[in-house]
Amino acid sequence: MTTTHHAGLRAPDSGPNDPGLVTRKKMRFWDRGKFLIGLTAAFLVLTWKTMADFEGVMPFGDALRIIALDHTWIFWLLGAEAVRQAHFLVSERSAGYHRFWSRRVFGGFERWTHRRFDDWARFRLARAIKVLFWVALIALLLGAVLDVSPFLALFQAPALLVQAAPMILQFVFLFFVIIIQFAGLFWFLSRGGIETYFPDDIKTRFSDVWGQDHVVARVRENIVFLERPDEIEVRGGYVPSGLLLWGPPGTGKTLMAEAVAGETGKPYVFVDPGAFTAMFMGIGILKVKSLFRKLRKLALRYGGVIVFFDEADSLGRRGRLAQQGPPGQGFTGCHGLNYLSEYSRSLVTFKDRERFFMGGMGGGQGDTGTLQALLTELSGLKKPRGFFNRLVRRLLGMRPKPPPKYRILVMMATNMPDVLDEALLRPGRIDRIYKVGYPSKSGRVRTYQGYFDKVDHQLTPEQIDKLATITPYATGATIKDLVNESLITAIRDDRDVITWSDVLRAKRLKQLGPPEDVEYIERERHAVAVHEACHAVVAYRTRFHLEIDIATIEKGADYLGMVASIKPEDQFTRWKSEHEADIMVSLASLAGERMFFGDDNSSGVSGDLMSATYLVGLMESHWGMGTGIASLPALQELGIQAGKAMRSPVGPGFLQEAGAQRESAPDHLSERVEFNLSRLLDQTEELLRRHRREVLCLAHALETHKTLNGDDVVAILEGRPGPLVDGTVYQSEELFQDLEEYHRDAVRAHREHNRVERNLPGPVPEAAPVEATAVAPAITEAGDGRPEFVPWSPGTQAAPGHAETPPVRRSASGTVWIIVGSVLALVAVVLFGAMAATGVGVGGLTPGLLLVLFILVVALIVGVAVAVLAVKGVRGAQARAARERDQANARAQLLAAALDPETAMRLLGYDGRTPEDGHGRT
Amino acid sequence: MKTARAWTRLAAISMAAIVTAGVAGCGEAEFTYVRDRDGTTYFKVPASFAKIDSSRIDSLLSGDHPDSAIAALRRQRVWSTAFDQAAQPDVNHLISSGDPFVYSTVHQLTPVQRDSVSLDAMRDFILPVTKQRRDAYVMQVAQAGQRPLLGGFVMVSDQPIQLGDGARGVRIRFEYQVGRDVQTFDQTAYLNKTGETVSVLLIRCPSACFAKRGAEFDRIAESFKLLRTPG
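Chains as they are written, first to last, in our numbering: chain H, 1 to 922; chain P, 923 to 1153.
Just chain H, with the same shape it has in the complex (with noise of 0.2 Å):
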């Protein structure tokens, strides 16, 4: 025994009866009047072609007359209908009336007929009887008018619509001409944008994916579903239909779906990214429906279609703001952005989009309506289709039948998933999502190995293992990039086999970009060293999160000099400790400036001190890292002001550690930062003033080498052997005593702006292999006031560019000279020739021969001449061209270079939620 429970509306009749309703329901008036009125109207149409019958003769009222007389069966039918009505009116008055005659006298036949049919069957009968009406009708009018019988008339009428033809034809190709410009412009547009590949048509394979192993077994799943779906469905599941992978560039997302054509034995289909972007309004609509019409009917044939949606965030969003900034509104300009770690980072860097870039950029592109119907596609596959389907069989009184499996796999993909529709994401449209993130380190090692496979090198295994290492963020594309870089790098210096030197001058070229050959006057020079050396020292004292990966005071597009910092292992939560660490290696710039300069400090801290204080900003009223608890989001969301903090006796307070200090601490927020970061500074210059001479050592390596790896900036802090710098010089404490003497000369040059007069002390080391002038590629202004290509090691002068410099031309008057002079000795000795040959004397050549003789000559040589000079210039512009292209890819080269790609992934707006290696700039 089951119970049904109802929840909202009952079907009709299947509850208990309703006593409000004891009167026929109301009628509405078209149903009241429509047999009415069309009787009625087939009266007039009868008297109207009576009138036309006896044209100028016949008055109105005659007709009516005759056609009364006529056709009484009008009547009669108008009466019926009239008394019928009667009825019905009576019903809707009368409770009991009603219930006599539904009761009493049709009771029976209802129940009968409820019994004998179920409702679809009644509802087609009563269609089927009134649609006989209307045919017996129309049959009986056509009867009167045609003088035949009704029977005989039904017959006759297609033969009257065929003698109507050539005038409906007429009008058809009219509205067909007009309508046809447009709907041909239409259709011309609506075309590509998709391609459509078959198996064996693309080569590459799931094994090619590397390093995203999680998520390529996931999507092989999705492909196996897709080709056995009975698996599932048998079990009462369903397919997943949609799969969405997201992650940032590079990582694999369209290597993927190629991998995914390349295994399938289906169909797969190629939606370019700009597909359905339109000049006109309605094109992509047009587009989405074309490609579902395909796709179902690849579907039909090959049991099964993959679609794949490139770039899915063209297709864009409707209404909703873009939640991401628009690309390229990051950070511009010098700051201390760059100490942070990269978690830190992108909290600073995003700070502002809510502020600010909720304000414009709607998104997507795609025209209004092409997400819709995308949608409506998407989610309409499972209703019946086709004309003959749901028209035809619908009129002949059957079910249209139900559409087929349509097995579809939508695949997308995008690195801005934020500007995806919601609707679009659900489950039933995109039912899996899949982030392709950063490779793991093993599928680094993997891709490395990979790409390292393809070239000659000498790396050993570890070697490999430390490069996946220190690039923690690095995606397939980067890899790729940093391997071929590695190669180009190992060819400028005629070397066939990459070596480990070359791969990191490749790494730190793709970091850092070339840098600018600029040369600093000395007391810049070493200011700007004093101010990495803080931060490097300040980093490698206190910040034990992320290890140094690089220092410099190399001047690049963005910055003087840098540190950046790397991250040793993955980690995914972010302490305190860690925080006050960043702050603290932010700070050190100023304090150290400070220490160092006598209390001066330069601009150049500007940026580290708003990342600092945003930091602490977060820390008090974000993190609980400070005195207070409450978070200020919260605050300002339920429109309550910050307040007092409340000082816990107990509680991990900020100022736990501060002990005396605690009673001084203010209690408003923004003088809470302030109070928070002179702390921390003190802490910073505390440090600074207790490793001093490191700084000054540092520093004075910076100098030296301009470039330092972290190894080495470690080992000079330590004072061993480094893989490149000698850091146990820095032990000795007469070079200390210089470089002391060297930073009081330079503090003195720098207060009076004059020239640091002595040299810079100690040792300067052997040319190390990551030298600053070796690694930099420079462009150059070649005398043509084009850039030319110098290459990076020194000793090679002769890069292959330069092998084919163009050979030196002759002058062109010498060349006149020898052409006029070939042509002389040519015309003597054909002249000669042919008096040989022919045994005439000299005296037997009339003048006229000789002269006609000399001209046929000239014209031969100067034909020639002519042929050999236009090849010549033909062949000249296209090693000309030649030339300029390679130049061309050169610079390309290098300007790719110079675009980090992290910074790159930044500048384009990746929301850089996940953490990359920290490196700092100034």
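Hints were generated in silico from the structure; no laboratory data involved.
A portion of the hints provided could be inaccurate.
Some chain P residues close to chain H (C-beta under 8 Å, calculated; not the full set) [stated by the list, open to error]:
1) E950
2) A951
3) E952
4) F953
5) Y955
6) R957
7) G961
8) Y964
9) F965
10) K966
11) S1145
12) K1147
13) L1149
All residues carry an ideal CB built from backbone N, CA and C; glycine is no exception.
Use these hints to put chain P onto chain H, whose structure you have.
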């Protein structure tokens, strides 16, 4: 919404009113409307005229035996009708009676007839009107040794007619003395635009009657029309 509903209601009510007024209010029609077999020629006569079988007139005028094959063929080409206002309607009233008589016929012409059709041929279509035909009639009757039934011909009016679409015809009014009475005949004949069909309406009444009821007969004659077919 409300307005649309009001309009529908108004339309339904007015339609019902028209039907009721037209049918219930007026009873029988004032005229009898007549069309030929193909529906190309039509006219109306007052309802007081009684329709009679005109086949005997056709036989009489053509002189064929009603049962002959020629007559059968003729019946396929010729349509006719007759109306008599006399108390005792009779086909003989075509020539003479005290009451008006209306005869109409439509002939599909044979090729020979089509080639020779003319206004005179149409004038002579039922009774001899042209001099030539009247002389021939007199001679024919004399040869048969009979006294001519028709005599004392007078042409009252003769008016060619151009119908707009290429059809043309002639309307004549003439008098014959039949017995002691003078009968006035009003005959309208049309040749359709293809020249293959001749439609004729003949109204007869004694001259005195014509003088009195001329307007009524004019109305009948004017209602005699060819249907203009499109194209």
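query = Does the CB of F965 of chain P sit less than 8 Å away from some CB of chain H?
reply = 7 Å, holds
query = Measuring from the C-beta of S1145 of chain P to each C-beta in chain H, is the shortest one below 8 Å?
reply = With Cβ-Cβ at 5 Å, under 8 Å, it holds.
query = Does the CB of K1147 of chain P sit less than 8 Å away from some CB of chain H?
reply = With a minimum Cβ separation of about 6 Å from chain H (threshold 8 Å), the hint on K1147 of chain P holds.
task = Double-check F953 of chain P for me: the hint is only fine if its C-beta lies closer than 8 Å to a C-beta in chain H.
result = Constraint on F953 of chain P satisfied, holds at 6 Å.
Residue hint Y964 of chain P, partner chain H, criterion CB-CB below 8 Å = Hint on Y964 of chain P: holds, closest Cβ of chain H at ~5 Å, below 8 Å.
query = Minimum Cβ distance from K966 of chain P to chain H below 8 Å?
reply = 5 Å, holds
inquiry  = Let's test the interface hint: is any C-beta of chain H closer than 8 Å to that of E950 of chain P?
reply    = With Cβ-Cβ at 7 Å, under 8 Å, it holds.
query = Quick one, is the E952 of chain P hint okay against chain H at 8 Å, beta carbons?
reply = 7 Å, holds
ask   = Does A951 of chain P pass the interface hint, meaning its C-beta sits closer than 8 Å to a C-beta of chain H?
value = Since the shortest Cβ distance to chain H is 5 Å, the answer is holds.
inquiry  = Checking hints one by one. Is G961 of chain P an interface residue toward chain H, by the C-beta closer than 8 Å rule?
reply    = 6 Å, holds
inquiry  = Does R957 of chain P hold up as a contact with chain H if the rule is Cβ-Cβ below 8 Å?
reply    = 6 Å, holds
query = Given L1149 of chain P as an interface hint, is the shortest Cβ-Cβ distance to chain H below 8 Å?
reply = 7 Å, holds
Consistency with the previously given hints is maintained throughout, with no hint failing.
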